[in-house]
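J.: My request is simple: use the sequences and hints to build the entire structure.
In our numbering, the protein residues as written are 1 to 118.
Hints are not guaranteed to be accurate.
Dumping the calculated EDC-like pairs for lysine to aspartate or glutamate here, alpha-carbon to alpha-carbon at most 20 angstroms [what the hints assert, rightly or not]:
(1) Lys-42 x Asp-60
(2) Lys-63 x Glu-87
(3) Lys-95 x Asp-106
(4) Lys-25 x Asp-60
(5) Lys-85 x Asp-60
(6) Lys-25 x Asp-71
(7) Lys-85 x Glu-45
(8) Lys-95 x Asp-32
(9) Lys-63 x Glu-45
DEER-style ranges, computed between Cβ atoms [as the list claims (entries may be wrong)]:
(10) Pro-40 x Gly-15: 17 to 25 angstroms
(11) Gln-110 x Asp-71: 15 to 23 angstroms
(12) Asp-60 x Ile-27: 27 to 35 angstroms
Simulated from the structure, these hints should not be mistaken for laboratory data.
Beta carbons: idealized from backbone N, C-alpha and C, even for Gly.
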Amino acid sequence: VQLQASGGGLVQAGGSLRLSCAASKLIFGINDMAWFRQAPGKQRELVAGISSGGSTNYADSVKGRFTISRDNARNTVYLQMNSLKPEDTAVYYCKARSTSSSGPHDYWGQGTLVTVSS
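T.: Structure representation (structure tokens):
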């Protein structure tokens, strides 16, 4: 497994969860990392992204509630989710983009389910 995501679970509305995603050390040249999510019957959407330099961007729906961070030494990206809402229920996927002489390549984690009950 090249990207291993963890931290999902069941939480009540208003609660918090922290997702983690560790990239294999066999993946070199990782620059951007991101979290996406896909709710039942919906398309996968970007939740938050972070560059190797620490620049971040967020979907409007999670601004002020979610925080993305990374540990470059560990090839790990985190997503701290606070004030969770039932509409945050989805499978969350992490993505890492690496760049080599052959061009960019995206790696995806297996997904971790987040369920927010009302």
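J.: Of all the hints given earlier, name the ones this structure violates by number, lowest first.
T.: 4
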